[in-house]
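Q: Sequence:
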Amino acid sequence: PYKNALSKLVIWSSLVHQLGFTLFSTLPFAIGTVQDAGLIFLSAMSNIIADAIIEENSVDGVIDEALREDTEKQIVSTALVLLSLYTASLGFVLILMGKFGLADIVSYIPLPTIGGYLA
Numbered sequence: 213p214y215k216n217a218l219s220k221l222v223i224w225s226s227l228v229h230q231l232g233f234t235l236f237s238t239l240p241f242a243i244g245t246v247q248d249a250g251l252i253f254l255s256a257m258s259n260i261i262a263d264a265i266i267e268e269n270s271v272d273g274v275i276d277e278a279l280r281e282d283t284e285k286q287i288v289s290t291a292l293v294l295l296s297l298y299t300a301s302l303g304f305v306l307i308l309m310g311k312f313g314l315a316d317i318v319s320y321i322p323l324p325t326i327g328g329y330l331a
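Okay, so the sequence shown: first residue is 213 according to the numbering used here, each after it adds one.
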């Protein structure tokens, strides 16, 4: 029941990202877009959040019908807030790494690991 709202949220956040990239890029020729590779990790984190909330609100893995709608709302709202915080904190760390010239740390990650992530 939340697919329409979540789809609109993804499109909206992509628009905000693209506007930010376009307006604040120091390279006039740069083109950027949202990467989908990170969605695998976001999906796994949202599943962990949902499983924890379901476990908290269920008895022997079964949720009472009276609480089902509230549990669904709790899962969606909690996942949206936490994933937004995770993403913002990752962006902040990347900005700090760029400001302090710490991008060379990536050279210590094995090449097959990077290749597997980018494939």
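By construction, these hints were calculated from the structure, which means they are not laboratory data. On a predicted model such as this, the values are computed, not experimentally measured, just so you know. Note that CB positions come from ideal geometry on N, CA and C, so glycine has one too. Incorrect hints may have been included.
Computed spacing ranges between beta-carbons, pair by pair [as the list claims (entries may be wrong)]: (1) 316 / 215: 20 to 28 Å; (2) 226 / 293: 15 to 23 Å; (3) 277 / 328: 26 to 34 Å; (4) 294 / 229: 13 to 21 Å; (5) 309 / 214: 16 to 24 Å; (6) 311 / 215: 21 to 29 Å; (7) 243 / 269: 39 to 47 Å.
Q: Starting from the hint list further up, note which numbers the structure goes against and sort them upward.
A: Per hint list: 1, 3, 5 and 6 violated.
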